[in-house]
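**Q** Given chain A, work out where chains B and C should sit, using these hints.
Protein chains in written order, with numbering that gives the first Met the number 0: chain A, 0 to 262; chain B, 0 to 257; chain C, 0 to 266.
I should point out that these hints are in silico values taken from the structure, not numbers from a laboratory. Glycine included, every Cβ here is placed at the ideal spot set by N, Cα and C. A couple of the hints might just be wrong.
Pair ranges (Cβ atoms, derived) [to be verified]:
no.: 1; chain 1: A; residue 1: L240; chain 2: B; residue 2: C22; range: 32 to 42 Å
no.: 2; chain 1: B; residue 1: F64; chain 2: C; residue 2: D73; range: 50 to 60 Å
no.: 3; chain 1: B; residue 1: A13; chain 2: A; residue 2: R88; range: 10 to 20 Å
no.: 4; chain 1: B; residue 1: M87; chain 2: A; residue 2: L240; range: 24 to 34 Å
no.: 5; chain 1: C; residue 1: G26; chain 2: B; residue 2: V20; range: 49 to 59 Å
no.: 6; chain 1: A; residue 1: L71; chain 2: B; residue 2: T155; range: 45 to 55 Å
no.: 7; chain 1: B; residue 1: D36; chain 2: C; residue 2: L20; range: 55 to 65 Å
no.: 8; chain 1: C; residue 1: Q59; chain 2: A; residue 2: A163; range: 15 to 25 Å
no.: 9; chain 1: A; residue 1: G15; chain 2: B; residue 2: I117; range: 24 to 34 Å
no.: 10; chain 1: B; residue 1: V32; chain 2: A; residue 2: V68; range: 17 to 27 Å
no.: 11; chain 1: A; residue 1: P149; chain 2: C; residue 2: L20; range: 14 to 24 Å
no.: 12; chain 1: B; residue 1: F40; chain 2: C; residue 2: G26; range: 55 to 65 Å
no.: 13; chain 1: B; residue 1: A204; chain 2: A; residue 2: G15; range: 43 to 53 Å
no.: 14; chain 1: A; residue 1: R88; chain 2: C; residue 2: E32; range: 35 to 45 Å
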Amino acid sequence: MTVRRAHSIPLLWQIGIIAGLLAIWQWAALIHPAPYLPRVENIVAGYVRLWHGALLWSAIVPSMYRLGVAFLIAVLLGSTFGITLGSLRGLDPWVRPVLEYLRFIPAVAILPASLLLFGATDKMRIFVIAFGSTFPVLLAAIDGARRVEPMLIDVARVIRLTIAQRLVRVVLPAALPSIFAGIRIALSIALVMMVISELIAADDGLGFYILRNQRLFLTENVYAGVLAIGTIGLALTLALLTFEKRVLAWHHGWRGLVDPKGV
Amino acid sequence: MKLAPRLANAMKGAVGVALAVACWEIVRAGGIVDPRDLPSFASIVRSVAIDLAGGELAIAFLTTFSSWAPGLLIATVGGVIVGAALAMLPRLELATRPLIEFLRPIPSVALIPVALLILGIGLPMQLFMVVFASIWPVLFSTKAGVEGVDPRFLETGRVLHLSKTARLLRIILPNALPSIATGLRTAAAIALAVAITVEMLTGRAGIGFYIENVRLNGLITEMWAAILMTGVLGYLINMLFMAVERMALPWSLENRDR
Amino acid sequence: METAQPILQVDHVSKVFAPQLTPVLKGLTFKQEPGQFVAVVGPSGCGKTTLLRCIAALAQPDEGAVLHRGQQFDDPPPWLSIVFQDYTRSLFPWLSVRKNVAFGLRDLTKNDRDERVQAALCAVNLEHAADLYPWQLSGGMQQRCALARAIVVQPKLLLLDEPFASVDAQTRIDLQDMVMDICQTMSLSTLLVTHDIDEAVFMADKVVVLSARPTHVVEEIAIDLPRPRDQLATKETPEFLHLRHRVYTLVRQQAQKAAGGNVTEKV
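Pulled out of the complex, with its shape left as it was, chain A reads as follows (with noise of 0.2 Å):
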């Protein structure tokens, strides 16, 4: 396959289908007018709406700021837990069967618990949410961490440097790679939980913005808000690649040449 045709062909036919399907959508609204099926402009309208004024802040800041706070929560305590447990060898026996089973209690059963302990309030949210992405990144880091080349270990002990330094200047760095792969994992559990817990207990936010529409019949609304999350999370992704790309720009050539096939 030539560069070229990897370029233009593919990219008119593309749009072609994303066209076509949109015209599709639109012929069926307004030959079948349904309630599931509302008209491509009200969507895209109710989309706009829903970044500006005061939908902005009664449901797209509010789910950001849950998924935000709950996101990082996740990340720093999975990646510090992760890479003292990955290293300490001897730790791993005490603590493998207790992760392992809660690594599979689904985040949404936890739900009904959290708002018991917790109420219908942020911190619970913020909680589930946490709850559920933290488990990618801890797993992913105790992986990297006793993935790491021992004879790096032996140079660090060499040029003797303190447990704490060698975990964060050799084996951080040499899980890091696994790390984000967790960390991926973790932004799309991150991003469902934040839409349940919005769903099932909250009074704003995307989530709720959501089911109130969908209540209410309004389901440009509904979709709107769909697009919206759908956004959130594709912004988010790709922020988190380019970052991953500037921290991992050893990684990705080192790879490359180990094997060829890529990353």
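**A** For chains B and C alone, kept in the frame of chain A given last:
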């Protein structure tokens, strides 16, 4: 592994579990939360036994299972077919890429209100949600697995004059199986979570509804029992998939060093 | 100030990995004077790496002791440096060559640190590659980077674990000359572990020949070839050939013993 270290590890693990239970009791006794909201661990274990034997909890699990299993099955078949097609037909992949990249970042549960609008409350809606959420990991792991087939294997197939179908079934698919299996395990966990979410939100019978219902009725011990048992269920499902994987794919790289 | 005390004393060192296996090291004894270049050779699988880890205090012997200037250490002594065999695994892939070299330097002002790093890079001819990542370099350059990292801390004792084993023949010769040169100028005590008998005889003041497992010292052979040594001239002298012959015969005897006897796999 020899028996002695294995036993030692099991003992350490048991101590770890005991410590976790002790932490639970300390949080309870420390007055950080209302002790009524956090019943003693012993009472929860007792409640697990009673509820499972009494059938209510067991029935709830079976009900959830009855939408989880077919949903996962559909997602697996669909994910493998679409994933393989995308990997083997680059034009199709290029054409549909924007659509897939558009759908992928949308958290599945955000579609629950939409699915409610179109399908109403019921098995079809729950199935749709389970399939929509769990098809992605299968799809992408299949795609990665098929794309990752060593070209030398394909060339071998051509040298041996295998037909296209034979190459697909005898070379590409076996090579992609370990990757598919990993995706399937992820999908199983996601399917369970989504099935529970739908039950919780729409009041359809099953473990999700059970947990929410006992909470609303103030049966706190029963709620914790059900939550902890859900974890056990998730754990068992994963164990089952891993065991099947190990038996069916002993040559997979992931199983070799075990 | 150098005292008359040996820089390194390996005193009846034994190491066992599991009680039911043959010990790896058994009563291994030799010593190294300050400024001396000692090469350790032995049949493959005789536990050279284990010995090196014990000497570096990365592992502790089960019996006997390793004394650095008469003292026992639980962690590597501050004046010790190592170059490991496998440069692809011992350099930090996330640090540039310069930062890899600077990794071990602490408690220095930025200026001093930069100066020391620059000097080390010069010594191994890597100034031009300072800002590349190690994995962007050839094998020989990577090994030079590892060497620079080892000498930048200005050690007294330099351990080399088969440092030239994974590079091609030409690079190997260049590296040998470079190392001899550096050790001479820095008046380092150097301990080279190798399986290459030519290399051992050519570079060292003393060759310690190890036995097959359980490993002990078979013989210590003084190499009194004059310095500076030359890859061509020195290797053609009858003295060199004679010494090489002696070491080779000893190692081969041990290798045959190992092949005939009951050998346990390296752990």
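**Q** All hints, please: hold or fail.
**A** Now the hints, each set against the structure:
1. A:L240 with B:C22: 32 to 42 Å: holds (37 Å)
2. B:F64 with C:D73: 50 to 60 Å: holds (56 Å)
3. B:A13 with A:R88: 10 to 20 Å: Between B:A13 and A:R88, where Cβ atoms are some 19 Å apart, the hint holds.
4. B:M87 with A:L240: 24 to 34 Å: holds (26 Å)
5. C:G26 with B:V20: 49 to 59 Å: holds (51 Å)
6. A:L71 with B:T155: 45 to 55 Å: holds (50 Å)
7. B:D36 with C:L20: 55 to 65 Å: 56 Å Cβ-Cβ, so the 55 to 65 Å window holds.
8. C:Q59 with A:A163: 15 to 25 Å: Roughly 23 Å apart at Cβ, these two residues keep to the hinted range, so it holds.
9. A:G15 with B:I117: 24 to 34 Å: This hint holds: roughly 26 Å between Cβ atoms.
10. B:V32 with A:V68: 17 to 27 Å: holds (21 Å)
11. A:P149 with C:L20: 14 to 24 Å: holds (21 Å)
12. B:F40 with C:G26: 55 to 65 Å: Given about 56 Å between the Cβ atoms, the range holds.
13. B:A204 with A:G15: 43 to 53 Å: Since the Cβ atoms of B:A204 and A:G15 sit about 45 Å apart, the hinted range of 43 to 53 Å holds.
14. A:R88 with C:E32: 35 to 45 Å: At roughly 39 Å between Cβ atoms, C:E32 and A:R88 fall inside 35 to 45 Å, so the hint holds.
Hint compliance for this structure: no hint is broken.
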